[in-house]
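Peer 1: With the hints as constraints, model all of the structure from the sequences given.
With our numbering, the residue at position 130 of the sequence shown is 130, and numbering never jumps.
Everything labelled a hint here was simulated from the structure, so no lab data went into it.
Just so we're clear, the structure is a prediction, and the values are computed from it rather than from any experiment.
Accuracy of the hints is not assured; some may be wrong.
[Stated by the list, open to error] Taking lysine-lysine and the BS3-like style, the derived pairs with C-alpha atoms no more than 25 Å apart in a straight line are:
hint, residue 1, residue 2
1, K266, K240
2, K270, K171
3, K262, K223
4, K177, K102
5, K262, K272
6, K236, K300
7, K272, K300
8, K78, K67
9, K273, K171
10, K300, K240
11, K145, K74
12, K93, K163
13, K82, K68
14, K145, K223
15, K93, K143
16, K95, K163
17, K102, K173
18, K95, K145
19, K273, K173
20, K272, K171
21, K177, K93
22, K177, K74
23, K171, K102
24, K145, K82
25, K78, K143
26, K177, K163
27, K262, K236
28, K145, K68
29, K272, K173
30, K95, K143
31, K223, K236
32, K82, K146
33, K163, K223
34, K93, K82
[Said to hold, decoys possible] Restraint ranges, calculated between C-beta atoms of paired labels, are given here:
hint, residue 1, residue 2, range
35, K67, I43, 24 to 30 Å
36, C49, S88, 41 to 47 Å
37, F46, Y66, 26 to 32 Å
Every residue gets a Cβ at the ideal spot worked out from N, C-alpha and C, and that includes glycine.
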Amino acid sequence: MFFLRFNMKKRFFSLIIVPDSGTEVKTSNFNMRFLIGLFGVLITVFFICFLFIIGYHIKLRQEKNYKKAVSINKLLLKRIYKSEELLSNLSEKLKEIQNNDKVFRHFYHMNVIDDEMYMAGIGGHVIVNESDYSSFDSELQVKLKKFTYDFTSLEHRTSVQEKSMNEIQLKIKETMKIINCTPSIPPTENFRPTSGFGYRYHPISGIRHFHHAVDLGGSLGQKIFATADGVVISAKWQGKLGRCVQINHGYGYKTIYAHLSKIYVKVGQKVKKRDAIATMGNSGSVTGVHVHYGVQLNRKSVNPMEYFYQ
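Peer 2: What follows is the structure, given as structure tokens:
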């Protein structure tokens, strides 16, 4: 066993060791300064060991974070490569659409969008913020900047193309409206021309005059159709023309259907191309059953036979 004794006068500790075997008692004296120095050394060693352990754990964590960052960078690079491939395919498809856009614009006599307008887009030059990529390695930074630029550029070009397609769509709708409002079919089926457009001798008076329409023969009660979309502006008996229907198609076009048997429409009624508006007859001044069909463009009579497209 051992005992520890402190001498207040001489300011030292005595360590007394008493063996169990009864042998000689051993005494060791320790100066106070020595003990304080020894304690300081122990504290310093402990502090150094503590700092070493903390530093080691920090290093392990940094290495772990670095490996994780490298892994994330590799994964991001892989995804960027795939995204770049997809972006490239989308860009090629957009180029095809742009080429078709030029064809449509040429066809409809619209101003063609040049490449500079596509590149400018709606936002001008693409601005890349350097601070957004400072946390990535150099290779990934380059890829991200390029991808951001390409994506933003494609977004701008797509926006320009969307506006262009809307303009073309409106133009097509307007063109289709003009087409539908332009006389383009015969007013009846299974007809036979009995008198053409131009100068002729009147079948009743025998006087040479200008015939402002064509006469198409057929059967009594045979259906008469509107030759284009429009609005009925007259549906009544009209002197020598007998029962007569007039339709305003807009865009300067007007059609006349005369010598009718029955009239199905009334003034103000909207009609579509191929709508039945009347039946063929022999009303008015005629020598047989037929329809007197006339076409006017800007109040001037034109040859209806030139409008039998369909």
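Peer 1: Compare the structure with each hint and give your call.
Peer 2: Each hint, compared with the structure:
1. K266 to K240: holds, 20 Å
2. K270 to K171: Within the cut-off at roughly 23 Å; holds.
3. K262 to K223: OK: K262 and K223 at ~9 Å, within 25 Å.
4. K177 to K102: holds, 22 Å
5. K262 to K272: Satisfied, since the Cα-Cα distance of roughly 19 Å is no more than 25 Å.
6. K236 to K300: holds, 22 Å
7. K272 to K300: Roughly 23 Å separates the two Cα atoms, so the pair holds.
8. K78 to K67: holds, 17 Å
9. K273 to K171: With Cα atoms ~21 Å apart, K273 and K171 stay inside 25 Å; holds.
10. K300 to K240: Distance ~20 Å between K300 and K240 Cα, so the pair holds.
11. K145 to K74: holds, 16 Å
12. K93 to K163: holds, 17 Å
13. K82 to K68: Given that 25 Å is the threshold and the Cα spacing comes to 21 Å, the pair holds.
14. K145 to K223: violated, 70 Å
15. K93 to K143: holds, 22 Å
16. K95 to K163: Roughly 15 Å between the alpha carbons, so the hint for K95 and K163 holds.
17. K102 to K173: Between K102 and K173 the Cα gap is close to 18 Å, so the pair holds against 25 Å.
18. K95 to K145: Measuring from Cα to Cα gives roughly 23 Å; hence the hint holds.
19. K273 to K173: holds, 16 Å
20. K272 to K171: holds, 21 Å
21. K177 to K93: violated, 30 Å
22. K177 to K74: Violated - the C-alpha atoms of K74 and K177 are around 57 Å apart, more than 25 Å.
23. K171 to K102: The given pair, whose Cα atoms are some 14 Å apart, holds under the 25 Å limit.
24. K145 to K82: Answer holds: K145 to K82 is near 15 Å, not above 25 Å.
25. K78 to K143: holds, 11 Å
26. K177 to K163: Holds, because 21 Å separates the two Cα atoms, which is no more than 25 Å.
27. K262 to K236: holds, 10 Å
28. K145 to K68: Distance ~22 Å between K145 and K68 Cα, so the pair holds.
29. K272 to K173: With a Cα-Cα distance of about 16 Å, the restraint between K272 and K173 holds, given a limit of 25 Å.
30. K95 to K143: Within the cut-off at roughly 23 Å; holds.
31. K223 to K236: Measuring from Cα to Cα gives roughly 17 Å; hence the hint holds.
32. K82 to K146: Roughly 14 Å between the alpha carbons, so the hint for K82 and K146 holds.
33. K163 to K223: Given pair K163, K223 is violated - Cα atoms ~45 Å apart, limit 25 Å.
34. K93 to K82: Measuring from Cα to Cα gives roughly 17 Å; hence the hint holds.
35. K67 to I43: 24 to 30 Å: Since K67 and I43 have Cβ atoms about 36 Å apart, the given range 24 to 30 Å is violated.
36. C49 to S88: 41 to 47 Å: About 58 Å separates the Cβ atoms of C49 and S88, which means 41 to 47 Å is violated.
37. F46 to Y66: 26 to 32 Å: holds, 30 Å
Checked against the numbered hints above, the structure breaks hints 14, 21, 22, 33, 35 and 36 and satisfies the rest.
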